[in-house]
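Visitor: In case you want the letters, here they are:
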Amino acid sequence: MRLSQRQKQLRDHGTAAERTAMRLLIALGEIYEADRLIPITSAHVAGASYKMVGDPGLEFIEDFAAGARVVVPTTVNPLGMDLDRWREQKITHDFAAKQERIARAYRRMGVRESFSCTPYLIGNRPRFGDHVAWAESSAVCFANSVLGARTNREGGPAALAASVAGVTPNYGFHLDEGRRATMIVDVRARLRGHRFSLAGLLAGRRASGGVPYFRGVRGTETDLKWLCASIASTGDTAMFHIERGTPEWRRARLKGLPRTRITERDLAEIEREFTTGEDADIIGLGSPQLSSEELVEISRLMEKNRPRIPVWVFTSRPVRDEARRAVDTIESFGGKVFVDTCLEVTMIENVSKTVATPSGKGAVYLPTLCGQKVVLGDVARLFRRYAA
Amino acid sequence: MKLTGRAVSAGVAEGLVLASHQPMSFLGGVDRESGVVTDGTSDLRGEAVAGKALVFPHGKGSTVGSYVLFGLAKRGRGPAAIVNERTEAIVATGAILGEIPLVDGIDVSLLRTGDRAIVDGRAGAVEVPGVVERPVVTAFLRNRGRVLVVKRSERVGTFRGMWSGISGYLEGRESPVRRARQELREETGITGAHLRARGPVIRTRGDAVIFAIHPFLFDVSARRVRLDWENVEARWVAPKEIAKLPTVPRLADALASVLAGR
Chain A
1 MRLSQRQKQL RDHGTAAERT AMRLLIALGE IYEADRLIPI TSAHVAGASY
51 KMVGDPGLEF IEDFAAGARV VVPTTVNPLG MDLDRWREQK ITHDFAAKQE
101 RIARAYRRMG VRESFSCTPY LIGNRPRFGD HVAWAESSAV CFANSVLGAR
151 TNREGGPAAL AASVAGVTPN YGFHLDEGRR ATMIVDVRAR LRGHRFSLAG
201 LLAGRRASGG VPYFRGVRGT ETDLKWLCAS IASTGDTAMF HIERGTPEWR
251 RARLKGLPRT RITERDLAEI EREFTTGEDA DIIGLGSPQL SSEELVEISR
301 LMEKNRPRIP VWVFTSRPVR DEARRAVDTI ESFGGKVFVD TCLEVTMIEN
351 VSKTVATPSG KGAVYLPTLC GQKVVLGDVA RLFRRYAA
Chain B
1 MKLTGRAVSA GVAEGLVLAS HQPMSFLGGV DRESGVVTDG TSDLRGEAVA
51 GKALVFPHGK GSTVGSYVLF GLAKRGRGPA AIVNERTEAI VATGAILGEI
101 PLVDGIDVSL LRTGDRAIVD GRAGAVEVPG VVERPVVTAF LRNRGRVLVV
151 KRSERVGTFR GMWSGISGYL EGRESPVRRA RQELREETGI TGAHLRARGP
201 VIRTRGDAVI FAIHPFLFDV SARRVRLDWE NVEARWVAPK EIAKLPTVPR
251 LADALASVLA GR
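Heads up: the protein sequence lines correspond to chains A and B, in order. Using this note's numbering, you'd call the opening residue of the first sequence number 1 and step up by one each time. Using this note's numbering, you'd call the opening residue of the second sequence number 1 and step up by one each time.
Chain A with its partners taken away, still in its complex shape (with noise of 0.2 Å):
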C-alpha cells in the first residue's frame, strides 16, 4: 500500500492514539488489498451498547479515547438504554454505571453523541460519492444504496480508527467494481410497508454478501430503510441496486448474472419463518430506530387501537423534539418512547420473552442477542391484533 508523507508522518510521529488507528488501517488495507488510504468525509461508530461489547469493549473505548481525537464529522451507535429512563428499562445500576462510561469516553473522542443507528436522518448525511467509514450494517447498506455514498462494512475499531486518523483503506465498496451488481432479483409481490422489510430478509439469504439488483420496486426512503436494515441482517450485503430507483442503478451491469425471483408466497413463508411466538409480551418498534413521520404513524395507529400490552418505540434524541407531539400522544396511549438505544442492543429480556415487531431486522437478531421468541407482520396489523 502506498503512504502519503502526512500518513507516514502520522504513523510513526502521530499521538498514540494516531498511531494504533494508522497501523490498524494499514494492516486491514493490506488484508483487503487496497493500494491506499483515502480521505473520508465522515464516520459512523458501532460498539456503544454495554450489553453488546460488554467489559472487553469497555476497557477498550476508556483506553483508546484516553488520547484520541476525531478528526471528521462522527457519529456513533445507539447504547444499551436510554441514558434518561432507563430505569423504566428495568436496567442494574451496574450496567447503567458502564453504560454511561462508554458514552462519557465517546464523547470524550469529539464524537457527536448520536447513539443512533439512522445517522443519515439526524444530520450525518454523506453526499453521492463520498467516501465515508462507517459500521452499523443497515446505515452502511443505506449509504451505499441510497445516497450513493461509497463505505465498506466497518468493523467498530475500524470505523473509529478511520474517524481519528480521517482516511480508509481503499478497497471493496469504495472501488466502481465493487459496486456491481452480483444478482438480479424480479419482485412479483407488490412491495408496501413491512413488506419490504420481508423481501431484505429474503433477499440478504439469496445474494449472501453479493449487491442485489432489483426489478419491480418503488419506495420511500422510509421504505428502504426497512429494506436495508433486513438485508443486511440475513447476509453480509452492503449495498443493493433499484432499477430506476437507486442513483447508481445504470451502473450495475447485469450482463451474465444469476437471477431470482421474489413472489407473495415467498414474502408469507419469510413471515411466517421468522414469526416464532405466539402470544407478544411488548410491541417493539425500533431496529432502526424511527423516523418521525414514522412516530407520526405510530401515534395514529395508538389512538385507533388502544393496545393492551406495553409498547416500546425506539428513535434518536434529534427525531424525538423534532415530532413532540406524535411521542406525546403514543405516550399518552401508554406507550414508551425510549432514544439513545434501539431494540436488540437494550435489555429487553428484562421485560419480555416474546415482541412483536415489524422489524426484519428484528426478527433476525432478537432471538439470538436478547433471548426473545417473534411476532413479525404489519404494524397496523399487530396494533389490531393487540387492541385492548
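Simulated from the structure, these hints should not be mistaken for lab results. None of these values were measured; they are calculated from a predicted model. Ideal Cβ placement from N, Cα and C applies to all residues, glycine included. Do not take every clue at face value.
Derived DSBU-like pairs: lysine-lysine, alpha-carbon spacing no greater than 30 Å straight-line [unchecked claim]: (1) B:Lys60 to B:Lys2; (2) B:Lys60 to A:Lys98; (3) B:Lys60 to B:Lys151; (4) A:Lys353 to A:Lys98; (5) A:Lys8 to B:Lys74; (6) A:Lys98 to A:Lys304; (7) B:Lys74 to A:Lys98; (8) B:Lys240 to A:Lys373; (9) A:Lys304 to A:Lys353; (10) A:Lys353 to A:Lys90; (11) A:Lys98 to A:Lys373; (12) B:Lys60 to B:Lys74.
Far from chain B, by Cβ distances over 10 Å, these chain A residues were calculated [claimed, not checked]: (13) Gly47; (14) Phe173; (15) Arg192; (16) Trp249; (17) Asp378.
Dock chain B against chain A, hints included.
Guide: Frame of chain A; chain B shown alone:
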C-alpha cells in the same frame, strides 16, 4: 528453519507454540480474565494462551473478539505472538490494538505445540530454531496414464513401509532435477526418462524437520523397473488410487501439483 509470510502486526516475540487446527473465536471461546481456552469444540480447550506463540488457521465469530484479545494483552494474559494461515479483520484488529506481533500466510500445519518460535511481525517471518529444513526430491514416473509408486524398505531412515515416489535428499547446492534423475537411475535403473513437469515446493512436517519436497513428473516408454535396497515393491497405479494407499505425507498433493502444472 525460517518460514516467511506476511507481516500484519508489528513487533518481535518469542514463545512456545500452542497450535490449533481449528478456526478460533475469542468472544466466548477464550476466558477474558485468564486467557484459558473455554470453547468446548476447540482442540486447545483448557490451555492458556498467555505468553504462547498462538498458531491457528484463522479467526471466527463475533467482532467483539477484537476487544477480548486487546483486553487479554493489556492484562498480560494474551499470546506473545500469533501465527495464522489467513488472518481476518477480527484477529488482525485485536492483535494490532493489543500490540501482539502477528504474521500470516504461514502453513500452520508445519508448526507443532511445543516448538520454540520467534515471530517477527515486522519482517513477516517465523523462525523455528529447533527445526531444520531438509530439501528432498520426489519423482513420479508415468507410463500410459499410470504412475509408479514404490514401497519404502525397512532399511531407509524415514517413513519405512510407506508408499512414495522415487525420492532422495538434495545435497548441498545441487540442482533438484539432476538429483531426481540420479535417484531414478539408482532406485529404478531407468535412464531415458523424459521430464514433463515440475511442481512448486511442498512442505511437510516431520519430528524435528520440515521436508521441502521438489516434485517432478517424468514420462517413460516402458514399465520395467529394477529396484535397489531402498524399496521393496513397485506398483503402477492410476493417480486417484494414491489416496487409498498408506503413503509418505502429502504424496497425493505432490502428484496433483505436477499433473496440474503440465
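Visitor: Sort out which numbered hints this structure fails and list those numbers smallest first.
Guide: Numbers 3, 6, 8, 13 - these are the hints that the structure violates, sorted from lowest upward.
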